[in-house]
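Protein chains: 2
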Amino acid sequence: MSELEEKTLKTKEIYHGKIITLHLDEVELPNGKTATREIVKHPGAVAIMALTSDQRMIFVRQFRKPLEKTILEIPAGKLEKGEDPKRCAERELLEETGYTAKQLKQISAFYTSPGFANEFLYLFEAEDLVSGQAEPDEDEFVELTLLNLKEAFEAIERGEIIDAKTVLAVYYWQNQQLQGK
Amino acid sequence: MSELEEKTLKTKEIYHGKIITLHLDEVELPNGKTATREIVKHPGAVAIMALTSDQRMIFVRQFRKPLEKTILEIPAGKLEKGEDPKRCAERELLEETGYTAKQLKQISAFYTSPGFANEFLYLFEAEDLVSGQAEPDEDEFVELTLLNLKEAFEAIERGEIIDAKTVLAVYYWQNQQLQGK
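Protein sequences appear in the order of chains A and B. Straight run, no breaks: the first sequence in the working numbering ends on number 181. Straight run, no breaks: the second sequence in the working numbering ends on number 1181.
Wrong hints could be hidden among the right ones.
As the list claims (entries may be wrong) - Pairwise CB distance ranges (calculated): (1) Asp1054(B) x Gln133(A): 52 to 62 Å; (2) Glu154(A) x Leu1004(B): 43 to 53 Å; (3) Leu1009(B) x Glu3(A): 43 to 53 Å; (4) Val130(A) x Lys1081(B): 42 to 52 Å; (5) Thr1034(B) x Gln103(A): 20 to 30 Å; (6) Gln133(A) x Glu1028(B): 20 to 30 Å; (7) Lys12(A) x Gly1159(B): 42 to 52 Å; (8) Thr1034(B) x Gln133(A): 47 to 57 Å; (9) Lys1105(B) x Arg158(A): 12 to 22 Å; (10) Glu127(A) x Asn1175(B): 37 to 47 Å.
Stated by the list, open to error - Within a straight-line C-alpha distance of at most 30 Å, the following computed DSS-like cross-link-like pairs (lysine-lysine) qualify: (11) Lys78(A) x Lys1012(B); (12) Lys150(A) x Lys69(A); (13) Lys1150(B) x Lys105(A).
Please keep in mind that the hints were generated in silico from the structure rather than gathered at the bench. Every residue gets a Cβ at the ideal spot worked out from N, C-alpha and C, and that includes glycine.
Please take these sequences and the hints and turn them into a complete structure.
Here you go:
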């Protein structure tokens, strides 16, 4: 055990839901004292920065109940049990936007809220897009918006893009353009 | 009500913890059907990209129980009730790293996991740093690491920087450097 690790003494499942599970762990700290940790387990997710041939990124406008707000995000969705992240990215892109991508590659992966949740998100870049008909889930309502880099930064300024994975994708996109890629 | 909104029909508190609260909401969808939403309430947080005069960023190595992993992150911490985000950033930077900043400005703010949680994070840039003695919370154990931009990208490649706010901060930093700021 490294000198920073916390050893689980006891774990208790508080809630087992459709998407998330809540655990309460009692842990032994590096100094031998104990503490409790509230832990949200999540199946993981993917997000897709999809770029059109005229250098616009595809966003979806979506109501998010935890925020009580409608915000702009890049297309994203939860992994199904055992699902390959790339397959999930293809599926979510099609479901939410109707687009399929001839090129799809993972560009990053990260935990979204490591302090209290284990949600892990794979970020893909989609290019060579072919448009088609969206097939949203029956409880999913989204509106498509295409923005160029300048418009994306304006949406950040207005507070309409206000989601970590989407801000991160816009910064990544800016880096690519600044580097002439 | 916009055509994307979900109206709360019923809300139930499943768990009220030290840091997070879990709600289960029954909602009416835009098409009139109902669905349930699992919602984690969080007090919000700050994170700080602190840059030394020799162009290195300050990271903390910290064990994260939800991940069962020790990872590198920029300094961060939860808002106390009613606390001003900038004051919180000053406090967390001092507690975790011992540094105080003569310049501290907000550069971004975002939700970390809008699908299931309302955690909102304010990102600050700290410059003109003065080093001092760290004052960690009694249940907090962190190790300081300073990395230049190249080393930060190497830590991303190695999967040691694997946290959304920290990857986002490194991309932001790269943008600033590419733009000669």
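Results of checking the hints against the structure:
1. The given range of 52 to 62 Å is respected by Asp1054(B) and Gln133(A), whose C-beta atoms sit roughly 54 Å from each other.
2. As the Cβ distance of Glu154(A) to Leu1004(B) is approximately 21 Å, the hint placing it in 43 to 53 Å is violated.
3. Between Leu1009(B) and Glu3(A), the C-beta spacing of about 50 Å keeps the proposed range 43 to 53 Å intact.
4. With their beta carbons about 51 Å apart, Val130(A) and Lys1081(B) fall inside the hinted range of 42 to 52 Å.
5. Range check, Thr1034(B) to Gln103(A): about 39 Å between beta-carbon atoms, so the 20 to 30 Å window is missed.
6. Range check, Gln133(A) to Glu1028(B): about 26 Å between beta-carbon atoms, so the 20 to 30 Å window is met.
7. One distance hint, 42 to 52 Å for the beta-carbon pair Lys12(A) and Gly1159(B), is violated here, with the actual separation near 30 Å.
8. Against the hinted window of 47 to 57 Å, the Cβ-Cβ separation of Thr1034(B) and Gln133(A) comes to about 26 Å, which falls outside the hint.
9. Checked against the given bound of 12 to 22 Å, the beta carbons of Lys1105(B) and Arg158(A), roughly 19 Å apart, stay inside it.
10. For Glu127(A) and Asn1175(B), the hinted distance range of 37 to 47 Å is not satisfied, since their beta carbons lie about 21 Å from each other.
11. In summary, the hint linking Lys78(A) to Lys1012(B) is supported, as the alpha carbons are separated by about 24 Å, within the 30 Å threshold.
12. Our distance criterion of 30 Å between C-alpha atoms is met by Lys150(A) and Lys69(A), whose separation comes to about 23 Å.
13. Between Lys1150(B) and Lys105(A), the direct Cα distance comes to roughly 23 Å. Compliance with the 30 Å bound is thereby established for this hinted pair.
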